[in-house]
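Residue strings, one per chain:
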Amino acid sequence: MKTTIVENGNQWIASFSGRLDTAAAVQTAEDVKPLMELSNKEIILDCSELEYISSSGLRIFLSIRKEAATHGSKVIVRSINADIRQVFMMTGFISLFEIQ
Amino acid sequence: MMDLHTEMILEEYREARPVFEKMQTEVLQLLRDTLNKNGIIVTAIEARIKTEESLAGKLALKGAKYATLSDITDILGARIITFYTDDVDRIAAMAEQLFEIDWANSVDKRRLHQLDSFGYNSLHYICRLPGYDFRFELQLRTTLQHAWASINHDTGYKSGVEIPREYMRRINRLAGLLEIADDEFSHIRTEINDYRRRVQQLVQNGKLDDVLLDGDTFRSYLDAKPFAILNKRIAAINQAEIQEVPLIRYLGVLKELGCTTLGDVNRLRTRYEEDAYTLARHQLGNTDLDIISSAVGLQNICIVAILRQGGGKMGLLRMFNALNGHNTDNEALAELTYNQASALSFITQP
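One line per chain: the protein sequences are A and B, in this order.
Under this note's numbering, the first residue of the first sequence carries the number 846, and numbering increases by one thereafter.
Under this note's numbering, the first residue of the second sequence carries the number 44, and numbering increases by one thereafter.
Accuracy of the hints is not assured; some may be wrong.
[As the list claims (entries may be wrong)] Which bits of chain B does chain A cover? Going by a derived footprint, with three or more residues having C-beta under 8 Å, they are:
hint	region
1	322-335
2	348-355
3	362-370
4	373-381
[What the hints assert, rightly or not] Derived DSS-like pairs: lysine-lysine, alpha-carbon spacing no greater than 25 Å straight-line:
hint	chain 1	residue 1	chain 2	residue 2
5	A	Lys919	A	Lys847
6	B	Lys65	A	Lys911
7	A	Lys911	B	Lys80
[Stated by the list, open to error] Which chain A residues stay away from chain B? Per the calculated CB distances, all over 10 Å, these:
hint	residue
8	Glu852
9	Gln856
10	Trp857
11	Ser862
12	Gly863
13	Arg864
14	Ala868
15	Val877
16	Pro879
17	Leu883
18	Lys886
19	His916
20	Lys919
21	Ala927
22	Glu943
Rather than coming from a laboratory, the hints here were simulated on the basis of the structure.
Beta carbons are placed, not taken as given, at the ideal position from N, Cα and C, and that holds for glycine.
This is chain B alone, in the form it adopts within the complex (with noise of 0.2 Å):
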């Protein structure tokens, strides 16, 4: 049987609920635009509204707490899930820019811990939407705290018994070692971009035979748009427009031409560009193609190299199906490109 109390607050839910929901709209509108804008990539950002089974089940439990539901701070509840756990400091710092922070109820589950205790850690604020009385709470942690934090949930509360101590223990001391996991993503994550802001730095700086060619280093020599002027002039034979198209795919056709540091796919480029243009005049030169892409130059440098280096119809074959994953076209590919290089004769006869 409900109370008085409960009844009004439960009356007082059902009115405000429009509020809530067109709140919650614009709360995750805005918590993805300001992500977005920030270039923070999440796990993810959802929020629910307390169903009133929900916060019937909370006043029986401390309903003499709240004296209207303007009391209640987690009718709309939003949660951003983040990769990294200094994102969850970023994130909260920008929720303190779009939200006004109610900081006497607000609490940092992560700094309650003793030195030597293990457990729940996430960020919670609770929030006021300007234009609105009603509060909210967010939530921020990061995937493996959510993953601990559901695991718990569901073995604890869910069953609604109280597990014994051994047990407890056990889900503590794995929130320990996520912690761990946790530091040592975002310390990787540091460490990968530091590398990435040194190879820029010898890339710009020329220094290309110190950088190891893989993935990350070859799209920052491609950031330099080091076939521009290849590409240029092989527009130029039929006054044609480049189309700008992904140049990675090249990266296991380079490798297998030899190339192991940017400065090896430097040297084949100024190598072979000439003949490359050569090649495309001819093939070009006769037709009213007035599009192309800008994997020409690069294309046909590999195909130089390829032919230069004596790797023939096969190597050729090899390549298309690095590029084009293994396929039956790639052979005609392979013996047509084959054949109209045959014509020029400085590049089948190295």
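If we strip away everything but chain A, and leave its shape as in the complex, we get (with noise of 0.2 Å):
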């Protein structure tokens, strides 16, 4: 599991690569730590590299989207494939995210 940010103007992206599954959630959680305090930015959670997702990935998506939301940022979720988009439906947060 790879994850990468890059900064570009207002928007910042991070793209996720591999499988954010409860191992390595871990590190990605700590490789995520930039985004937290953001304002006013548009961050892009890039899944085109993203092959699945468990129930502690959802957890960094959420906790990103609520700092986001406490810091005047906004986040969108982009380039989902089937399984994943599967994930964000059951569970139900399938509204709450911007997906694009």
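Assembly of the complex is requested from the two constituent chains, each provided in isolation within its own frame, with the hints serving as guidance.
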């Protein structure tokens, strides 16, 4: 599991690659910490290379969204695959995130 | 050429400026905290310290009136601009608790008008913050009163030329018009609050068929957490935790499902909650997902209702468009949901 964060003006893009499972969640939570304090930014969670997301991964996405809302930032989840879409839908989080 | 008296007061002003700056910070903080605590939302809270230039101008005009700097009550001026006229009175009552009011110098300009005259409307309190010797001025006015005062200031004082009587009359009659508008806004707020209380009463008494479905009434319905039991049952499938999320977005979906009253929503819930649970068990039973949102129960009720009413994939697409806004991902989502639900024959075969 690899997380890369790139700043592009007002946009911060976090790209996830691999399987965001329970084992990978601890490191990923550490990797996304820079996103937690951004104020008034657009945070893109690019999932085009993300193969799988577990409950622990969902919790990380929810934390990012919660902190972003507190700091006036906006989160967009981009390019999720069918399996991840299914996870978001089954858990009822699909309408909480802006998904592109 | 400045006289000695003016020079002395200006020197006093320069020395006292840090005190006014400290007082400004404390007054603003106190006002903000008090409004927050009382849940009053206002257009603006602002404060300024009179500039030396402006003070010199004031002293040149009426310097003899002031023996020392302490006699000038508007070196620090704070202003609260409210949405509603009733809030001016509520905030005034709070200011009376926070500050020592110099009643002899405070003016309610709203009460100064004759029965047949209109014009500047604001409440001016001369206040003292405990622990300080200097007084300051607190102005309270509505947004419309502020707009009138600002425009009147711009057309009148700023040009330095007295404007003709005809224009004064036109400006003043606008003050009358805005007074009517301010009163009307206050009445509308009061009536909306009454309406909300009536709706809450009807919801509490279970008279849901008497309550039309709209944003306000749906919120009242949701306050009673009608989907909590279903959500808990769904959570129990995987011993999941439930994250609270807003459900108001489902209003459009429920209307599209033909609900016009809260009674319709409630019937939809009781009719389909068992199927919604079965769908959730089918979806989540083979996973180890141990976190769900509080929207999952209502989401599944809507999915089941759409499919049992023969809405098919298109119906699901309309639902996701209503929830997420139109985007290409919704088609894949509708397809996926339809395929999952199709495995449960009772859902897709009405």
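Please check whether the beta-carbon of A:Arg864 is more than 10 Å away from every beta-carbon in chain B.
A:Arg864 is indeed farther than 10 Å from all Cβ atoms of chain B, at 14 Å.
Please verify that the nearest CB of chain B lies beyond 10 Å from A:His916's CB.
holds (19 Å)
Tell me whether the statement that chain A covers the region 348-355 of chain B is true, taking a Cβ distance below 8 Å and needing three residues at minimum.
violated (count 0)
Count the residues of the region 322-335 of chain B whose Cβ falls closer than 8 Å to any Cβ of chain A, and tell me whether that reaches three.
holds (count 9)
Holds or violated: A:Lys911 and B:Lys80, Cα atoms, limit 25 Å.
holds (24 Å)
Compare the distance between the alpha carbons of A:Lys919 and A:Lys847 with 25 Å, and conclude whether the hinted pair is satisfied.
holds (23 Å)
Quick one: work out the minimum CB distance from A:Gly863 to chain B and report holds if it exceeds 10 Å, violated otherwise.
holds (18 Å)
Given the hint that B:Lys65 pairs with A:Lys911, does the C-alpha gap stay at or below 25 Å?
violated (35 Å)
Looking at A:Lys919 again, its CB stays over 10 Å from all of chain B?
Non-interface label stands for A:Lys919: nearest chain B Cβ at 13 Å, farther than 10 Å.
Would you check chain A against the region 362-370 of chain B, counting CB to CB pairs closer than 8 Å, and say if three or more residues qualify?
Answer holds; 5 residues pass the 8 Å Cβ test.
Is the nearest Cβ of chain B still more than 10 Å from the Cβ of A:Ala868?
holds (13 Å)
With 10 Å as the threshold, tell me whether A:Lys886 passes as away from chain B on beta-carbon distances.
holds (21 Å)
The earlier numbered hints that this structure contradicts are 2, 6, 21 and 22.
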